[in-house]
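Respectively, the protein sequence lines represent chains A and B. According to my numbering, numbering within the first sequence proceeds without interruption in unit steps and concludes at 207. According to my numbering, numbering within the second sequence proceeds without interruption in unit steps and concludes at 870.
Don't take each hint at face value.
Claimed, not checked - Restricting the straight-line Cα-Cα distance to at most 25 angstroms, the calculated cross-link-like pairs of lysine to any residue (SDA-like) are: (1) B:359 / B:488; (2) B:601 / A:41; (3) A:106 / B:459; (4) B:601 / A:69; (5) B:826 / B:689; (6) B:622 / A:98; (7) A:106 / B:467; (8) B:609 / A:95; (9) B:603 / A:66; (10) B:622 / A:63; (11) B:601 / A:101; (12) B:502 / A:41; (13) B:451 / A:50; (14) B:502 / A:101; (15) B:498 / A:101; (16) B:502 / A:83; (17) A:106 / B:406; (18) B:462 / A:83; (19) B:498 / A:50; (20) B:603 / A:92; (21) A:106 / B:711; (22) B:622 / A:44; (23) B:502 / A:98; (24) B:451 / A:80; (25) B:601 / B:689; (26) B:462 / A:62; (27) B:498 / A:99; (28) B:603 / A:94; (29) B:659 / B:560; (30) A:106 / B:622; (31) B:484 / A:53; (32) B:601 / A:92; (33) B:502 / B:514; (34) B:622 / A:45; (35) A:106 / B:505; (36) B:622 / A:71; (37) B:419 / A:53; (38) A:106 / B:625; (39) B:601 / A:62.
None of these hints come from the bench; they were simulated from the model.
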Amino acid sequence: MERYILAVLVRNQFGVLNRVTSMFRRRQFNISALTVSETESNEFSRITVTFDGDEQNEQQLINQLYKLPDVCSIRELHKEDAVSCELVLIKMENNPAFRDDILTAAKAFEAKTVDYSREAIVFQLTADSLKIDEFINLMRDYTILEICRTGRVSLEKGGTTIRNVTNL
Amino acid sequence: MLLSGADIVVKTLIEQGTDVVFGYPGGQIIDVYDSLYKYESEIKHVLSAHEQGAAHAADGYARATGKVGVVIATSGPGATNLVTGIATAHLDSVPMVAITGNVKSTQIGSDSFQELDITGVTLPITKHNYFVSDVKKLADTIREAFKLAKSGRPGPVLVDIPKDIQMAKCEFEPQEKVSAYEKFAAKDIRIQEAAEVINQSEKPFIYFGGGVLAGDAKEEMLALAEKIDAPISSSMMGISCVETNHPRYLGMQGMHGNFCATVTMQNADCIIALGVRFNDRVIGNKDKFAQNIKIVHVDIDGSELFKTVNETNSLRGDVKLTLKKLIPLLKEAKHPEWNKKVNKLREKEKSEKDAREGMTPDNILSLVNEYKKDSTPVATDVGQHQMWSAQKLTFTKNRKFISSGGLGTMGFGLGAAIGAYFGTGERTVLITGDGSFGMNLTELATAVTYGVPIVILIMNNGVLGMVRQWQTLFFDKHYSNTVLDRKTDFVAVAKAFGADGAKCETLEETKDALKKAFSHNGPFVIDCKIDKDEFVFPMLPPGGTANDIIVKVGE
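Kindly produce the complete structure, drawing on both the sequences and the hints.
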């Protein structure tokens, strides 16, 4: 199994995310992360899909996406040709016994302390998904109260944009 | 001109060339029905007995004509009753537009009376659907629905219109009928690669389906077969596209397909698959299917390519345009050895034909073949009678075999036959079973009301024959809930609805009944008694291969 990242440009319309995710569900695609937001134009939204599968799954997923009339363009993003990152918020128990360890680890990962109270510390980390996994893993040694991560967002390097490619 | 949303719906349907719509009124679509009343000289509305019947009628109309079928229903239960009909059309790629009413925009989301999220419900069974929230977008939305329904691989599109949008006023300018998106051939490089593979083939074989019918590519396909000297067979959806007695046509492929067709496909060295999707009912065990056979697959829908089987060449494009480019690249070939082998198998199959006398499915359908004309559409329901019809009925013109393939919808036939009649103006035949007919026979009321000439032939065995056949073969004859043994008198039922009919226990009686039915003004029910242990053979067991085909009980 490989990990694939697809950027999907869709018409910014009511219910479009539902159409896309409904298709993933009914065809049982193994989606590990999905982000969606408006783009430089309010006509379009951009969905970034991270999923695991083989080449045939990937081709099938692209073909099925293209069948949705709201899908305008799809770009497969390769690690080496794209910049990707993800954001995580992680709330740790503020236990004096571990406080120093936690703060040291956060510093090593360049995570920002965005909230500090007697009960908890909230860190924010923007990084590669793998690095975020590592940070969370490390924090598991202590008491994690809550985690919220955004899922990966990606853009292709260089001047090419997703709008150069259009739905046939 | 300033029109109400409801008027715009009807005017846009007329503008799009719709001459007849099927449907059932209700509270949230009442405005559209008022407009249908107003414009009744320009567009005919056929009232069904149940919305499901109307949906199947729109489907049957589309299958028989190639035009977009239109069905209208109210919100809530009216809309959900369309669901089976829409799903049936979706699985068989039938162009259809379904229009539903809904509660006022301000009430949406509040669980008001007969409110239902039908765009949510039909999301997986439509090509696309729309919820119209602005009357200014109404006409263009319906136009887009027609465009999508008939473009590329056709399919159903639903437009849900809240009541206040139907009542709101807006300027309307009639436009030209929309055309489908422009068709395109597969990429030249792909065509060239495919030509190389086909040119090397010693035992080529063509397997085609509904895509050749929808893509109007019969001529090109036959030209291809001639040029490379290949036998042809079809999926069930391809039946009637090529005349049954065409010297190259081996018949239907698959679970209950012709023995010769199924075995020949497995013996080929190259399968040229046109507008088909290698359904499990065709190929059996996909891991053992066509090992070491090259597969060239042409389909307009890219998602069908490489979906089920390992293909050598996948060509995404319109089948007609692609074949036009492919054929000149092919070498004229003759494969006498291969065709001799195929014909030998075919002769063997013919010689093993069921020779029993009496009320066998074969003999009954031979009589139907005698009475029906080249122009007669034949609809079926789903089950044993459907497979017998697919195997034994003969056709010379396309769009004459109307049957639910992908979804396998029992209860499809009567509605579909009514729709086929309205599309073609031809007396229509329905071959059905007692199980299927029992599901939606209320549409007899529709057929009687509109004087629709339908010859309804029920193969009545008192059991759910296809499931029983599986129970006999694979479940130790545990006939769980498949013995109907109902006391229903279908001829009396027909008469109660205002139709006519006859009960037949012999072929002579069947012949007389058919004679009567084919000159009867309106629906005529022929209740043919057949044995409950008639089987559909050959049978490729589920998950099996061509080597596992069962041709007789006890094998």
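Legend entry - Hinted pair residue 498 of chain B and residue 50 of chain A, Cα distance within 25 angstroms: Given pair residue 498 of chain B, residue 50 of chain A holds - Cα atoms ~23 angstroms apart, limit 25 angstroms.
Legend entry - Pair hint outcome, residue 622 of chain B versus residue 98 of chain A [Cα-Cα no greater than 25 angstroms]: Holds: residue 622 of chain B and residue 98 of chain A sit about 9 angstroms apart, inside 25 angstroms.
Legend entry - residue 106 of chain A paired with residue 622 of chain B [C-alpha distance capped at 25 angstroms]: holds, 14 angstroms
Inset, instruction - Compare the distance between the alpha carbons of residue 603 of chain B and residue 92 of chain A with 25 angstroms, and conclude whether the hinted pair is satisfied. - result: holds, 23 angstroms
Inset, instruction - Please work out if residue 502 of chain B and residue 41 of chain A have their alpha carbons no farther apart than 25 angstroms. - result: violated, 28 angstroms
Legend entry - Straight-line alpha-carbon gap residue 502 of chain B to residue 514 of chain B, limit 25 angstroms: With Cα atoms ~18 angstroms apart, residue 502 of chain B and residue 514 of chain B stay inside 25 angstroms; holds.
Inset, instruction - Assess, step by step, whether the Cα of residue 622 of chain B is no farther than 25 angstroms from the Cα of residue 45 of chain A, and give holds or violated. - result: Roughly 19 angstroms between the alpha carbons, so the hint for residue 622 of chain B and residue 45 of chain A holds.
Inset, instruction - For the pair we were handed, residue 106 of chain A and residue 625 of chain B, check the Cα-Cα distance against 25 angstroms. - result: holds, 21 angstroms
Legend entry - Restraint status (C-alpha distance of residue 601 of chain B to residue 92 of chain A at most 25 angstroms): Given pair residue 601 of chain B, residue 92 of chain A holds - Cα atoms ~19 angstroms apart, limit 25 angstroms.
Inset, instruction - Could you grab the alpha-carbon distance between residue 106 of chain A and residue 505 of chain B and see if it respects the 25 angstroms cut-off? - result: It holds: about 21 angstroms lies between the C-alpha atoms, which stays within 25 angstroms.
Inset, instruction - Could you grab the alpha-carbon distance between residue 603 of chain B and residue 94 of chain A and see if it respects the 25 angstroms cut-off? - result: holds, 21 angstroms
Legend entry - Restraint status (C-alpha distance of residue 502 of chain B to residue 83 of chain A at most 25 angstroms): Violated - the C-alpha atoms of residue 83 of chain A and residue 502 of chain B are around 29 angstroms apart, more than 25 angstroms.
The structure fails to meet hints 12, 16, 21 and 25 from the earlier list, while all remaining hints are met.
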